[in-house]
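Asks: Put together the whole structure using the sequences plus the hints.
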Amino acid sequence: MENIQDKLLSFSVDADGIGTLVINQTENSANLFSEDFIKRYVEVAHAAIADDSIKGVIVTSGKPIFMAGADLRALLEEIPDKGAFTQTILEMHKGMREIETGGKPFVAAINGTALGGGLELCLACHHRIALNSTKIKIGFPEIKVGLFPGGGGTVKAPYLMGIQTALMYLLQGIEARPPKALKDGLIDAVAETEEEMIAAAKAYILATPNPVQPWDNKKHRIPGGNIWTPNGVQTMVGASGNVGKLTHGNYPSAQKIIKVIHDGIQIPVDRALEIEARNFTAAASTPEAKNMIRTGFFAIQDAAKGKARPKDQPKYEIEKLGVLGAGMMGAGIAYVSAKAGMQVVLKDVSQEGAEKGKAYSTMLLDKAIAKKRSTPEKKEALLANIIPTDDPNAVEGSDLIIEAVFENVDLKDKVTKETEAVLGEDKIYGSNTSTIPISLLAKSSARPENFIGIHFFSPVDKMPLVEIIVGEKTEDKAIAAAVDYTVAIKKVPIVVNDSRGFFTSRCFGTYVSEGMFLLEEGVPAPMIERVATKIGLPVGPLAVHDEVSLTLSVHIFESDPAEKSASEKRSYAMVKNLVENHNRTGKRDGAGFYDYPKGGQKKLWPGLKEIYTPDVNAVSEEDVKKRMLHRQVLESYRCLDEGVLRSTTDGDIGSILGWGFPIFTGGALSYIDYVGMDNFIADCDAFKALHGDHWEVPQSLRDLAAAGKSIHDFGK
Amino acid sequence: MEAYIYDAIRTVRGKGNKKGALIGVTPTELARQSLVALQSKHQLDTSLVNDVILGCVGQVMDQGANIAKSAAQASGYGDHLCGVTLNRFCGSGLESMNQAAAYIKSGYRDLIVAGGVESMSRVAMGSDGAGMFIDPTLAIPGNLVPQGISADLIASKYGYTREATDEFAAESQRRAAEANAKGYFKSRIAIKDQNGTDILTTDENIRPGTTAASLASLQPAFQMMGAMAGFDDVALDKYPEVETLHHVHHAGNSSAIVDGAAISLIGSEEAGKQMGLKPRFKIRTAAIDGTDPTIMLTGPAPATRKALKQGGMNIGDIDLIEVNEAFSAIPMLFMDEMGIDSSNVNVNGGAIAMGHPLGATGCMLAGTLMDELERRDLNTGLVTLCIAGGMGIATIIERV
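Protein chains in written order, with my numbering: chain A, -2 to 713; chain B, 20 to 419.
You may find that some hints are simply not true.
[To be verified] Listed next, the in silico EDC-like pairs over lysine to aspartate or glutamate satisfying Cα-Cα at most 16 Å (straight line): (1) Lys257(B) - Glu618(A); (2) Lys600(A) - Glu262(B); (3) Lys606(A) - Glu260(B); (4) Lys317(A) - Glu393(A); (5) Lys257(B) - Glu619(A); (6) Lys599(A) - Glu262(B); (7) Lys312(A) - Asp495(A).
[Said to hold, decoys possible] Derived list of chain B stretches under chain A, where covered just means 3 residues or more per stretch with a C-beta under 8 Å from a C-beta of chain A: (8) 157 to 164; (9) 235 to 249; (10) 253 to 266.
By construction, these hints were calculated from the structure, which means they are not laboratory data.
Glycine included, every Cβ here is placed at the ideal spot set by N, Cα and C.
Replies: In structure tokens form, the structure reads like this:
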């Protein structure tokens, strides 16, 4: 056959009769698993099979990434005809299966990352050789966007890896380096160089004139045994148990992965692929998958690239960063910034305090080295970027300041003035306050237009979100700088307007507050905590309150002069009683809602039952669930309505990354669409009648519902 | 029409593991020897028997392909004898008696052998696969967990401690040992080889001298499974008011895994006349009820209430009760729910001491109850069992 070179791939045959198909989608930045591509691929592969002079085909990539998977954007829309959608998948399988059963060897020479559909393309080859490079990842990440491999991967992986290992890869979305993929059976060989890889591929082709896929080979034994063996039964039972434990039934695709394997592995592969296709169509139709694609994938990806920055502002370069205060937060900020290559002056009141802050980076790096995630060289380079000092003048020449001293207005006032005295007039001053309004702090500043809130979450090195707070006088240049800084340290920024508690603390606070109200109303404490994790929140409201510290809650309430609502007064009274009359102050003192025995598991404090008499039937589980989630969502909507949030997307991202709002709902605002806007409003109205004004629904939401719109139509 | 129980026979129970006495005996053979014993005991005219109904849970391998018909054929009763195998999990042996009674009452059959069989040493538990526990579309939304986790959930929810469950188990052993020593198990038969040599003549698992203290060192059986396979959390998701799952059950306070068979002869009044046999008991009423499948094993009380209501009776009308000791917490909860103490419950011990051959147990309990009611010259008895999947079964019998 003739050589081919088009916008999707090229094909040529060498003197030995070995064809090479190079995937090179010239119109895309990355090779994508698309309907058009697969059609063309199958066409060319079939032609090669039909040509007697061709002995076999090597499939490889003309781009650094072999193939990254499918284009998820197409799955954001409703699937108009599910039957036709399934049929399209089955048509694709037909073509791919003809390659598998065509009697001619196809070898995937995996010279770059092959994920999802890219890996499924490789599984439809008879042999897989990967280049041994730390840049190459092989796996099925689909579960992270609420899906699972729908191009044959779910059916075929267990034949290669065994049911248990395949379940692990599919359910956890493992992306393995080539040596691990080899060990686990996903690929057949690794090669050290491209030349070695191609030579091995040719050798396989010449040695294997009529290859049979494991799933077509009656003699093939599934590693670890098929389902109806003692091992298989144990694996399947354990898989459902653990998926139940980890997902609480909230992530349909996790269940579907086990289902496809359960139903499919007992029957011929072509019929199993039908099962996979039907389940994939169903999974792609779930609101959970769409939420995870829309918010979890695209929105967070866009935000991480700095979508929130004012467009006309030039990029703000940060070479030198001044961090004021070397406590827990300051130390973490210094670490992530130095890691991004910035020169960090870490200033504390004493040299000793500053050194201690730097030691935090040493500790993190030593841990990373122990886990082989860093090297002594990288450690030295990073530590060299952090200059601990007690000299306020040492921050001179900084491009950006991040103040992370104690939450005390007078102290912050002093620090602002002292720092601005040596800071360049055009440089930006950020405060990492989590509770004090930025506009109030900006009053200390001679240049409030350059003053902005840069709110980190603890622990800074782990938490991905940064909440950027725009004060009354903050100008676009400062917003751009804060966003550029956040992107540089590889975190995800959202930009919000000033308000008490900003967005995240304010909404998160309602979760904690609702947990306490439920306790006061007689809901057993274990039930509150369990239902919270069941609906996908990472930690129950009582445990979280212990972490924050009950004493701090009392302090924040008492030190804030603003007029408080009835619900704020109610939760304050509860916490004050616990702190003052029962000496329950929080986790730090080993005594909050929980007891924290040394070296043991935390346990709910038995004394709670004396103060709040538990009654299983006090509030139905359904209402416990709704009240904990709806309350946060209603407050998030208020933030949108009041202009604290600048977009629904920021609210979604902030809730998911800031306090672990369940991602399958799409985030704290998408949640309203997820449960149905009318249902949400009706629930809140019912709760208002029972529990008071903090359940008041803003008129604008009722208008949106009356117009039959989506929450994402807000303001449009 | 009334359904009468003319007799009941059970085999000895051998430990259901590779060292168990009966591992070399097929389940068909266990059932066959029971049928032969029944025939020879009464010089039974086997042409009068229509059908064999056997409960059996693991219906694969030795127990596959309708073991009741295999047993019927092996019994020598004749080619006319039909067989049907049923599976209501742990309730199977009693279910077969209830179905036999219903056939008799309807007039569709005259005389039926009904019972159950299970060789747990030869056909391991779980060998028959399970849609319910393995298909994720049932297991995950249903919060389904293995029975041991359910039993521990019952203990945690209702406050049965390790000490209390061990006390209960020790008492079961004490009662069984005493009944065994005094010869109360009159309907029990030994299992012999083809030469007529005894293989096992007593219940292999009874451990005289067991005390709560001697059980205290046993490791919880379901702790690791609960943690590793996520089942503790799956169970607590369904019962959020329970803070912690306490794993109190272990090999010593749960039913023993054993081999055994049991049968009863159930027929009409007319059949009795033809056989020349006097009925011992009649089946007054029988009921089943379904419960939440996660906690799974709470069925005996609701099934009993239903049976009592059907019979126009209350719990005080029952003289003796057999409630299957699948796990200590099951009879403990049953007694608490029914407001009774243990003086009339499992008076000769139970499955903790003697074992629970899944498909056979229901019929074994009925036979034990019949012997003891007669020995004490009492009238009314209740048999009830908890059942996998969240079911309960109860049957009330009365002396004739």
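Asks: For every hint, state whether the structure bears it out.
Replies: Now the hints, each set against the structure:
Simply put, lysine 257(B) and glutamate 618(A) have alpha-carbon atoms about 10 Å apart, close enough for the 16 Å limit, and the pair holds. About 8 Å separates the Cα atoms of lysine 600(A) and glutamate 262(B), which keeps this hinted pair within 16 Å; it holds. Under the criterion of a C-alpha separation no larger than 16 Å, the hint pairing lysine 606(A) with glutamate 260(B) is consistent with the structure, at around 12 Å. Straight-line distance between C-alpha atoms of lysine 317(A) and glutamate 393(A) comes to about 9 Å, which keeps the hinted pair within the 16 Å bound.
Distance hint between lysine 257(B) and glutamate 619(A) is fulfilled; the C-alpha atoms sit about 12 Å from each other, no more than 16 Å. Pair hint lysine 599(A) plus glutamate 262(B) holds up; C-alpha atoms about 11 Å apart against a cutoff of 16 Å. Taking the CA atoms of lysine 312(A) and aspartate 495(A), the gap is near 24 Å; set against the 16 Å cutoff, the hint is violated. Evaluation of the coverage hint for the region 157 to 164 of chain B: fulfilled, as 6 residues show C-beta separations to chain A shorter than 8 Å, against a requirement of three.
Coverage of the region 235 to 249 of chain B by chain A holds. Counting CB-CB distances below 8 Å, 3 residues qualify, and the rule asks for three or more. Closer than 8 Å: that is the beta-carbon criterion, and the region 253 to 266 of chain B has 8 residues meeting it against chain A, so the requirement of 3 holds.
Checked against the numbered hints given earlier, the structure breaks only hint 7 and satisfies all the rest.
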